[in-house]
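Make the full structure from the sequences, and use the hints.
Spelled out, the chains give:
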Amino acid sequence: MKKFIVFFLFILIHVHGFASDDIDIPQPADLDLVEEKLLLDAVETAQAAVRNSPEDADVWGHLGHVYLIHGWEAPAVPCYRRASLLAPDAFKWFYFLGRLMKERQPEEAVKSLTRALTLNAEYAPAHLYLAAALRTLGRLDEARQHLEHAKRLQPNNPFSELWLGEIALAQQQLKLARTHLESALRLNPQQSEAHALIAQVMIALGDKQAAKQHAQAARYASQYGELSDPLWWDVLKAGVTASLYAERGRRYMSEGDYVRAVAEFAPIISDEQKDVKVWFDYGIALLHTGRYKDAVAALDRLLALLHNDADVQKEKKPDEIAYLKARVYNHLGQTYYATGRADAAILACQKAIEFSESLVRKSHGTEYFEFFANVHANLAMVYESMGQLEQAIHQYQKALELMPTKLSLHQGLAGAYWKRRLYTAAEPHYRVVTANDATNLQAVYRLGLIFLIQELYTEAASQFKKAIELDATYVRAYGGLGVAYQELGKLPEAIDAFETVLRLEPGNRNAIEMLRQLHERK
Amino acid sequence: MFTKIYPIIFILLSGLLSAARAETDKPLFTEVTAALGLPQMEASWSPGTHALPEVIGSGVALFDYNNDGALDVLHIRFPPPGKADAPAPNQLFQQQFDGTYVDVTAATGIGHEGYGQGVAIGDVDNDGDVDVYVTNYGVSDVFYRNNGDATFALKEVGLSNEAWGTSATFGDYDRDGDLDLYVANYVQFDPEMVCRGKHSAIDYCNPKVFEPATDRLFQNNGDGSFTDVTEPAGIAAVSGRGLGVVCLDLTGDGWADFFVANDGEANHLWVNQTDGTFAEEAILHGLAFNAYGQPEGSMGIAVGDINGDTFPDLFATHLSGETNTLYIASNHSVFTDMTEIAGFAGRDLRWTGFGCGFLDFDNDADLDIALVNGRVKRGDILDGAAVGAFWNFYAEPNLLFRNSNQQSAIVGARLSRPHGLGNTTPMTAEGLRRFPTAHFTDVSAHAPDFTERVEVSRGMAFGDIDRDGDIDMVVSSLDNRLRVFRNDAPPPQHHYLFVQAITRNRDALGAQVTLRTESRTLTGYVLPGSSYLSSSEPIVHFGLGTIDAVQAIEVRWPDGSREKFPGASANQRVTVYQGKGMSL
Chain L
404 MKKFIVFFLF ILIHVHGFAS DDIDIPQPAD LDLVEEKLLL DAVETAQAAV
454 RNSPEDADVW GHLGHVYLIH GWEAPAVPCY RRASLLAPDA FKWFYFLGRL
504 MKERQPEEAV KSLTRALTLN AEYAPAHLYL AAALRTLGRL DEARQHLEHA
554 KRLQPNNPFS ELWLGEIALA QQQLKLARTH LESALRLNPQ QSEAHALIAQ
604 VMIALGDKQA AKQHAQAARY ASQYGELSDP LWWDVLKAGV TASLYAERGR
654 RYMSEGDYVR AVAEFAPIIS DEQKDVKVWF DYGIALLHTG RYKDAVAALD
704 RLLALLHNDA DVQKEKKPDE IAYLKARVYN HLGQTYYATG RADAAILACQ
754 KAIEFSESLV RKSHGTEYFE FFANVHANLA MVYESMGQLE QAIHQYQKAL
804 ELMPTKLSLH QGLAGAYWKR RLYTAAEPHY RVVTANDATN LQAVYRLGLI
854 FLIQELYTEA ASQFKKAIEL DATYVRAYGG LGVAYQELGK LPEAIDAFET
904 VLRLEPGNRN AIEMLRQLHE RK
Chain R
45 MFTKIYPIIF ILLSGLLSAA RAETDKPLFT EVTAALGLPQ MEASWSPGTH
95 ALPEVIGSGV ALFDYNNDGA LDVLHIRFPP PGKADAPAPN QLFQQQFDGT
145 YVDVTAATGI GHEGYGQGVA IGDVDNDGDV DVYVTNYGVS DVFYRNNGDA
195 TFALKEVGLS NEAWGTSATF GDYDRDGDLD LYVANYVQFD PEMVCRGKHS
245 AIDYCNPKVF EPATDRLFQN NGDGSFTDVT EPAGIAAVSG RGLGVVCLDL
295 TGDGWADFFV ANDGEANHLW VNQTDGTFAE EAILHGLAFN AYGQPEGSMG
345 IAVGDINGDT FPDLFATHLS GETNTLYIAS NHSVFTDMTE IAGFAGRDLR
395 WTGFGCGFLD FDNDADLDIA LVNGRVKRGD ILDGAAVGAF WNFYAEPNLL
445 FRNSNQQSAI VGARLSRPHG LGNTTPMTAE GLRRFPTAHF TDVSAHAPDF
495 TERVEVSRGM AFGDIDRDGD IDMVVSSLDN RLRVFRNDAP PPQHHYLFVQ
545 AITRNRDALG AQVTLRTESR TLTGYVLPGS SYLSSSEPIV HFGLGTIDAV
595 QAIEVRWPDG SREKFPGASA NQRVTVYQGK GMSL
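Sequence lines, in order, name chains L and R.
So the first sequence is numbered by the working numbering: it starts at 404 and just counts up by one.
So the second sequence is numbered by the working numbering: it starts at 45 and just counts up by one.
No lab work stands behind these hints: they were computed from the structure.
Model, not experiment: these values are computed from the prediction.
Even glycine gets a Cβ: it sits at the ideal position worked out from N, Cα and C.
You may find that some hints are simply not true.
[Unchecked claim] Just some of the chain L residues that point at chain R, by a computed CB distance under 7 Å: (1) A432; (2) L436; (3) K440; (4) G474; (5) E506; (6) P509; (7) L540; (8) G541; (9) E596; (10) L600; (11) A602; (12) Q603; (13) I606; (14) A614; (15) A621.
Okay, structure coming up:
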């Protein structure tokens, strides 16, 4: 009861404090400089809602969202503060306030996020941001506790492990730091922050070679490096500038929701739109939603910009333009292939490949290599579908020149050879595949057949047994095994194998015939 | 009896307390710009045009150009926004016998009318007077040779840098006895690029929209000329958006390395391979990123041994939302971001830091930190901002942190405090041994002249301008304003010692000076080229606290040799010459 009275007085004082000022709505200092009408309208609408319903936490919170997402952090703070006062049991307002204050006043952030977590202890990002604020304040033990909590809530979130590793490193607990950072890298191998930190750990542990490898990896920007925060959508949706529509579109794409992505891009698509990235993403989103005709139109429009627009030519480096063109042609190729226009697909892929030589030569990492290897593989697939196996084989070979260790390319080439009945040529590629992926059933089985053809019966039997280990119901493997045993003179084992074929597939004529021959030999 | 005496004691005590309070409350720094006769800004600065060079600012140098023993001031300047044709010559102010300054720009011939950015000071021909290198935006950098008669001559000596030069520093990286030059270059700026903030209004571009520019390294040929060795030395291998640079042995092998503060991307540590080439190893040495492995917008650099372990520690200033980062060195030359553990507690998160320095402002025998701030993106107008309607959006106050010199107390507190109850965390015994850190307290409120003005400050240089034994500060701002802050902090019982290290007739840039006392070991560096775009007095200042004499002075010279010199009593300037000490 006492707590309630104190709380009531607190609310009364604070809420009244605001109200007595005729609703003192915080204003962005440079609002006058904004020319974009959509944004001015959004601000005015949000402010009007506050004037109309000054006791409504949601309208204050929304005004905070409008400010925050458009880069006005300072006036967003009092809006969230007000919302959290009006709705003291609402998690989100304390959360947004804390998240925002983390990079301004960490002490305030700790208070807000701690309060938020008393209302909802299950929201992992709140633990992560609270840990970050505590870390800033040097309160490492408390930060670690929240990171452990976040880890329990989201075991696959690499940030918990990353920041636990960082704290361990700061405390020179090197082995512990290494454990956490290696876990972070297992969850996201392309997180450059983890590579940077583990490089330091390795140096301190005396492993300079490993340190150098991680240091090299740390030079590249993180992929998938953003902390996942579903609630952030509430803020993002308040954005009305073109860049925010695009950001929402891209986020939907990253979540695989291409229909919504298209809906976000659509309002900012017009003849005046010259952002090539917007056109590209829009085209890809359309492609994924099956709107092939629209996708082709968008990608064609993008190509026109890349070819002819002076602003784009000036803004982008020649290599950037070339790479983007190559990517567009590659996607066009996929689109044509999906719509049954194989000839157009081949042409598009060939156009993409035209950029290969100049870009690959300048490539610092493996990005260009991997991309153009994929284009060659796509082209090979199209040729293969048309029965033009020689061309398919040639394209797979080109792809492998760029990415000699990529297993899917070895498998594709081996498959093309297989179709051409060039079994000896297929063999080394199936060997590569099985050596690196022992669970690839098709490769294991086909390698067994190639051994059979080569009269290497012991090796063939071994391969078929591996195939059976992978899939105990794989009838063909039992059949191959039976033949191998037969050739090795192991007739009882051969009979067993063919009987298994019949058990799995009663009436199999080959098995019946083989069994008849085997029983006769006996 | 008591009733009579008690009031008297009370009155006496009150008086003493008042005196003590007055001492405590006395501002740590006092602005003396006008009193020194330096120019005051009158007209307000032109509103910005959102061209990136407008927010980079320029530097200031404190040096003795005429060898009269007094510190002179070189102010690097640039034209107002939108008025590229309005001349803004760099200005040299000479200190007079009474401590005031007069403008000697015209008389000395050093008033280059470029778009001044940074300054490096060093005696490149070992003739006993210091020469000047000025970086520019838009026009080539310039080199002024000191004629030895209180004039300078603009010379073409092979120091050709057409890129956007920012900070530059002299240092003898090849140990051949003469000073080489490293120039940090920023970006390949396109003036036609228009950038907008999240709210769609035009603002200054993020430098990342421009390609980085390659830094330059010039080797001194020993005959007064230089050769551009950027390519053969390997510096061209990686480009960055460089804003700050220092030249010092940071890897413990006795050879000078270069640390470059890059804006918004990994910093660079060019590790001297001792054969004339360098390898970029900032990540391996822990200096590329912050504690989270993330790049920051690095601007200014301070170097000093803040924890008494004789290894150089680094401090780099950053954007708002990022900490200014304190990198503590361990004995295997790996640096660790110990910012939070050192007590900053995010007090500087709101501000965008530029010029900075470690200085023992109170002469209590540990290094404190001063830094100046000012945004590069529009923000809310803060109370007290008065630099014009346009620039008020960018103005911020400065900061001053005192090293509370409580390493052992802090460590003890950490060890004794139960887990989860306190604000600090116990480190492992190994960690404590390797990382004695310092603890900083925000004392900005005690230096209002320096910290309460809300301006857009950039350059910052340090030196004992009034020769009273403590370090004063000079700050330059975006509006070509210069401010001088006199240090009034040290209490009378705190002593000091200045050590000037001379090699080959010039200041031994890059030398490490260590003082041995009965109770302490203090280490400093001859490193004028640090902070941001600026150059400080080329001398090592040691606050000694109550120590009144040092037992020995040890110097590790830039060529890697080490010598020991006799001790000295406190409160003086001591000069040590290479070759005159006892080899170690």
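Verification of the supplied hints:
1. A432: holds, 5 Å
2. L436: With a closest approach of 4 Å, the L436/L hint holds.
3. K440: At 10 Å from the nearest chain R Cβ, K440/L fails the 7 Å test, so the hint is violated.
4. G474: Cβ of G474/L sits 3 Å from chain R, so the hint holds.
5. E506: Because about 4 Å separates E506/L from the closest Cβ in chain R, which is inside the 7 Å limit, the hint holds.
6. P509: holds, 4 Å
7. L540: Nearest chain R Cβ about 5 Å off; hint holds.
8. G541: OK, holds: G541/L within 7 Å of chain R, min 4 Å.
9. E596: With a minimum Cβ separation of about 3 Å from chain R (threshold 7 Å), the hint on E596/L holds.
10. L600: holds, 5 Å
11. A602: The hint holds - A602/L has a Cβ within 7 Å of chain R, the shortest such distance being about 5 Å.
12. Q603: Result: holds, 5 Å to nearest chain R Cβ.
13. I606: Result: holds, 5 Å to nearest chain R Cβ.
14. A614: Given a least distance of 6 Å, the restraint on A614/L holds.
15. A621: holds, 5 Å
In summary, the structure is inconsistent with hint 3 from the numbered list given earlier, while agreeing with all the others.
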